[in-house]
Every structure is written in structure tokens, then in C-alpha cells.
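Engineer: Each chain, written out:
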Amino acid sequence: MTWFSSPSQAAAQLTEAGYLADAATATTAFLAGALEKPLLLEGPAGVGKTELAKAVARATGAELVRLQCYEGLDEARALYEWNYKKQLLRIQAQTGSADGADWDQTHDDIFTEEFLLTRPLLTAIRRDEPTVLLIDEVDKTDIEVEGLLLEVLSDFQVTIPELGTVAATRRPYVVLTSNASRELSEAVKRRCLYLHLDYPDAEREREILQAQVPDLDDRIAEQLVATVGKLRDLELKKAPSIAESVDWARTLIALEIRDLDDKAITDTLGAVLKHASDQQRAVKELRLNRG
Amino acid sequence: MPAPETSGLLDRHLSFIEALRGAGLSVSLAEDLDSVAALGAVGWSDRGHVRDVLAATLLKRQAQRTTFDALFDVYFPALVGDGVAGRTTDEAASADESGVRDNAAALQAFRDELAQALEGGDDQQLRRLAAQMVGTFGAMPGRGPGMSSWSAYTALQRVAPQELIDRIVAGLLGESGDGDGEVRLADARRLANRRVGAFTTMVEDDARRRIAEEKGPDHVADVAIRPSIDKLAFTAARRSDLEEMRRQIFPLARRLATRLTKEHHAHRRGSLDFRRTVRASIATGGVPLTTHHRPKRPHRTDLVVLCDVSGSVANFAQFTLLFVFALREVFQSMRAFTFIDHVHEVTEHLEPGADPVEVLEKLAAATSYAALWGRTNYGRAFTKFEQEHADALGPKTTLLILGDARSNYSDLEDATLRRLAGSVKRSYWLNPEPVSSWGAGDSAAKTYREIVSMIECRNLTQLEEFIHELAH
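Taken in order, these protein sequences are the chains called Y and A.
Counting in my numbering, the first sequence runs from -1 upward without gaps.
Counting in my numbering, the second sequence runs from 12 upward without gaps.
Simulated from the structure, these hints should not be mistaken for lab results.
A couple of the hints might just be wrong.
Derived DEER-like restraints, expressed as beta-carbon distance ranges [unchecked claim]:
{"hint": "1", "chain 1": "A", "residue 1": "A181", "chain 2": "Y", "residue 2": "R256", "range": "28 to 36 Å"}
{"hint": "2", "chain 1": "A", "residue 1": "G132", "chain 2": "Y", "residue 2": "S6", "range": "23 to 31 Å"}
{"hint": "3", "chain 1": "A", "residue 1": "G131", "chain 2": "Y", "residue 2": "A224", "range": "14 to 22 Å"}
{"hint": "4", "chain 1": "Y", "residue 1": "D231", "chain 2": "A", "residue 2": "S464", "range": "19 to 27 Å"}
{"hint": "5", "chain 1": "Y", "residue 1": "S6", "chain 2": "A", "residue 2": "T211", "range": "47 to 55 Å"}
{"hint": "6", "chain 1": "Y", "residue 1": "Q221", "chain 2": "A", "residue 2": "S344", "range": "22 to 30 Å"}
{"hint": "7", "chain 1": "Y", "residue 1": "P128", "chain 2": "A", "residue 2": "R76", "range": "26 to 34 Å"}
{"hint": "8", "chain 1": "Y", "residue 1": "G162", "chain 2": "A", "residue 2": "S344", "range": "53 to 61 Å"}
{"hint": "9", "chain 1": "Y", "residue 1": "R256", "chain 2": "A", "residue 2": "S323", "range": "50 to 58 Å"}
As the structure is a computational prediction, the values presented were derived from the model and not from experiment.
Ideal Cβ placement from N, Cα and C applies to all residues, glycine included.
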């Protein structure tokens, strides 16, 4: 199966799935499908990295398999695990029955499909239907897990010592996301296509807002985008992301604010800026009148 | 399809890859092959697509993006020569023949046009003007064919877009007339500054492109490409670079903090906790499948930073202070002193949660307290520090000295420094100068490095590495 037939086709399909991609994003999304290579997305939090993977799944009608990475994630929770408890139970049941408790027999019995718990990576590889595999926040894992990913990412296969090598019947579309909180190893990066997602320009951000929050009227959307743009120009600890602009738009609608004047901005600033010092700076720089 | 050996495309592609490698991007053969395969899938028809494709396959770090874009423009230029810009107006063509396109009247006319374009903010038009500007005002005629060159510097000096800012601001304000005057003025000024900055970059790009055309891209790739921001030397940074670096500090610090906690966790496993292990094994029929360990006690560092804030190293000192400040939760306690020839404590400015911009302003304002006569004098500073703040140092303290060790040939007081270094657990000296110039001129690096271990710290990458070591 081909995922997208051309970059422009990719852009159109993603738009239909509710994700407004710029040219670079569409081209890279197309390439990831055409070359069957994993796609590594980097960028600040809240610019739509995870959302892109979901959009690809929606646009191509594939199923999304998600592996959320965290510190301490290991093989047992990423790849596969033997169901120890069930295996113990089986051994005990066999010794209980006492007839022909042959070790070889038992050994063969307990290392079969029945006792295998598949985790996201193995699940994605064994699926016959089109699959988008999302490996989220890969920078949160330990270095060892990256080694584990290498086999999956380059050959799309998993080796289970007791069962042999499981190769993908159909290659999944792999998306890795990272906040760049740590540098990934060269080996992983080499196997991936790389795309840096950043804050969008004003026009695209307005389109995103209008797509995500249809109730928002044009004038307030324009004011909101302009204000967020100004905030990003300030030197802040955490610049507002797209997700936060969307939250802000929803907040304004919930509060039924029709005009984004100084007072409205000051009252709802908490929706976009999450540090006290950032809020103070914004109030000072944008000359908002507090209170 | 033309045969590869005649099109020259493959050669161009290969030398582009060579140039990327020369600029410090590690492009492997596998990535090179990927990029060619990817171009096969997308095609060469659209320059934007080609750039996106090459970026996706060859680039693996956002910090290298500026380098990549600059090199891409050099090897795959968007236009050749004066492009359409020079040929659209026949006036320019006739001027070309007489050889006097560049005169005061032309300059004035060009500046007017530029000011209008900057007001309008049309990217296409600005790019055309940048090309025209370099062609007209930045030409450096050579003695023979192939010897002429272009200078973005000359062009920028003559046209001086910075001086147009007031005009642009006035123009922007004239357009619409509602809202608070002061706020709109600040907005307009910010916008004007950004556009002029972007235009300056366009001019530099265009000059690079023209030189590349004249002398071959490899020449430009060798000399004109600036290192990426994390490799740029503190002492070579321009004002815009400094702003960019300042923006990098907090993300960098956050990244380092995560890395440190992670590493602390990895080393956290202490001795076996027998009771919890046995308790957990009950669930698996007495087989201890998972072991439990006692947590290790974290150790933390008391940090005393002593930094030279004289003109030559002020930027470096500020960065390092900000960086250490951003990481303060990693350290047990932290005190900071600045000096030129007198010592002044600035710890109070480094409040937790304080705004980095304000911190920098306060630090800059506090500089005057650190000087009596204004000439750097390390010896005097150490003596003063020992007299007034010796209580800051203890057996658990790490002493960090920041400066270039250029002491204007004054008394070095190395005995005092030896006493200071002897009273603490560890001491380091970060020097923003390259090792090769240590000890040259009035640099006392040779003397001081025998007492305190001196480390070269010229850019953000080296700084990050050092702080990482320090916090361990």
C-alpha cells in the first residue's frame, strides 16, 4: 500500500483529516510513506507533533498503535513479555497431574503464543492491516531502549529467542516524537527522516484556530493570533504553543468574551502563560493595566 | 533524462554534501543515499520541495538548520546573476552600459524605495531589492575577470537600513489610527526592527550567492558560513547572536537538568532491600523475579561563582551566570560575586523564579559596584574577596572562576588564589579564550592554571558539557 501518492496529495489528505500541514510537513510526511522510513518529529511542546501521527492515521484509514515512552521503560513493556504467572500455573498444573511430567515437553509448552504478551512495538509489526506506530516522547527513555528500537526501526523485525524472528508482514508508518530534552543517538537519527516543527506563522495559526474552534469569530481570532505572536517575541521561559492558543480560544468562548481588550487579556492570561514571571513580563511589555 | 555525467547534478549534490560535512554536520553515506532516493520519489521540479527533502534526510538537529539553509542557497541558488531584478527596468540596463549606476542620487532613490518596501513587508519585493542592493552598492570591482567580488558589509554600510527604522515606524503608524499610542509605537518599532533584521539577512545571503557564482561554491562554503549558534564563540558573537544565545539558555538548562536527574536516577540503585524483595516475591510463588533496592543519598554541591565582568568578557560572564542560575535547583546553594578590580556580591539578584531579562538588567547595573578604577585587576579582586567574603568558602564548596585572566600586568597575588583554592573542595576556572592564546600578552592564564584547573569554554556546547560535569 502506498500511504500518500504525492506531497500535495499528502497535504490535501491531512487537511481533510483536520491537520493543516505546511509544505515541509506535507513533503516529509509523503516521504516517510514513500521510502518506508520512520519519521522523527522534534519541536517545542504543543506544536502538534503527536497530532500529526494521529492525523496520518485518520487520513489513511490506518489504525494507530501508540507507545508512550517514559523513564524506566523497558523491553518488557515496549516489545513483549512472557506471562510468568500463567507459565507458573501451567507448570504447577502439570506437576500436579503427575503423568509424564517431561521437562522438554513443558518447556516447549510454556514458550508458545499462548503465553506471550505482545506490547506496542510487536503488536504494530504483527498487524496485517495498515498501522501507524507512534513512539511518543522518545527522548524520555533511557539510552538502552534506543538500542532496542534500532532493530525495529531499520528492519521492522523483532527477535524473540524462544520463538525466532518475527518480521513485519506489512511495514507500519512509524512516527517518533521528541521534545529534544536530550540528544538522541546518531544510530537512531540515521535511520529516520527528520522534521522540526515550530510555531506556525500568523496566517496558518489563524486557520488552525478556526478549524479547531469553529465557534470563534474572525475578529477575535485575529486579535488572539496577533497577541500570541507578540507574546512569542518576548523573552519568556515558555512561549505559548499552538495547543495553548487553542485553549485560550476555548476559554474566551466559555467566558463569552467578544472583544480581546487589555482587560480580557489580563484576566485570561493564565490560559497561555504558566509561569508567574512570564505573566509579569507580559503585563509589563504589552502595557496591560492590571486590575 | 540526461545522463548524469553531463548534467553535473550529481557532482553538485556531492560537493554540497562535502560542504555540509565541512561545516560540521555529520552526514553519513546512508543518509546521502536516502536523500537521493527521496529526491527520486519527489522530483527536482520545485526548489522548495528539494530543500525540504534534503533537510528531512540530511539534517538531524535543528541548531544546524541555519548552516544548512545558507549552504543550500549557495549550492542551489534561487536566481543567477542579477536575476530578473536587474533586467526588468531598462533604466538599469542603460546605466549598466555607462558604468555609473552607483551615485548619490541612485542611493537616495533606492533608500526611498526600500523604506516603502519595508513598510509594506512584501517578502518577494524585499528579496528582489536585496539582490539589487548588493549588485549596485556592494560591488567590489576586481582587477580582472573572476577577481571582482561583492560585499554585503559595504552595501549595508552605504544604504544603512537601520537608519530607516524611524521612517518605517512613522509609516506603519500612519496606516491605521486606533488604539493606545504608546503601545502601537512599541509594536511598530518591534515590527520595523524585525523586518530590517530579516532584510539584512537577505542581503548577506545574496552577497554569498554572488560570490559563490563567481568563485565557485566551495570557496564560499569554506569562508563565509558562520558556525551554528551552539558552536559560535562568545567573543565573536554579534548583537543578534547574543539575543539568540540568550533565548537558548533556558531550553539548554532545562535539557541539562532533565539529563542530570535521569543520570542521578540511573545511579540511584543502592544496596539490596531484602525485606521488600522478599515481600514482592510472594506474588510470584517465592521466586524473586524483581529485586528492590534502597535509595542512595543524593549529594549536592555548594557553588561559589566569582566572575570577571569587565568589557572584554562581560558577555561570557553573563551567560555563564544565567546558565548556572537557570540550573540552581541542581545545586545545594549558590553565591555569586562579580569583580573588575573590586568584589561585589550579586546573589540577591539571582532570586528563584526571577525573570531572566530583569536579572540581566540588574547584573549589568551592578557592574559599577565591581570597579574602583575600572581596569581589570585579578590580584586585587582575589585579595578583596579573601578579606571580605572568605566565609563564603568552606570544605564542601566548589569555587568557579570565570574570566580571561588578562590582568593588565598587575600583581597576580597567586599566593592568595592558592589559599582560596586550598580552602574549598574543588575549584575550576572557565576561560573564554582559545587555549592557544593563553599566556599571550597580559594573560596570566599560565600562572593561574597551575593553581586552579583551567578549562577552555568558548561556546554554548562547551559550557553545557562543563556544567554537566560540575553538577555530577
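Engineer: Each hint: holds or not?
Structural biologist: We went through each hint and held it up to the structure:
1. A:A181 with Y:R256: 28 to 36 Å: Since A181 of chain A and R256 of chain Y have Cβ atoms about 33 Å apart, the given range 28 to 36 Å holds.
2. A:G132 with Y:S6: 23 to 31 Å: 28 Å, holds
3. A:G131 with Y:A224: 14 to 22 Å: Check passed, 18 Å falls within 14 to 22 Å.
4. Y:D231 with A:S464: 19 to 27 Å: 41 Å, violated
5. Y:S6 with A:T211: 47 to 55 Å: 34 Å, violated
6. Y:Q221 with A:S344: 22 to 30 Å: For Q221 of chain Y and S344 of chain A the Cβ distance comes to about 45 Å; the hint is violated.
7. Y:P128 with A:R76: 26 to 34 Å: 32 Å, holds
8. Y:G162 with A:S344: 53 to 61 Å: 57 Å, holds
9. Y:R256 with A:S323: 50 to 58 Å: 56 Å, holds
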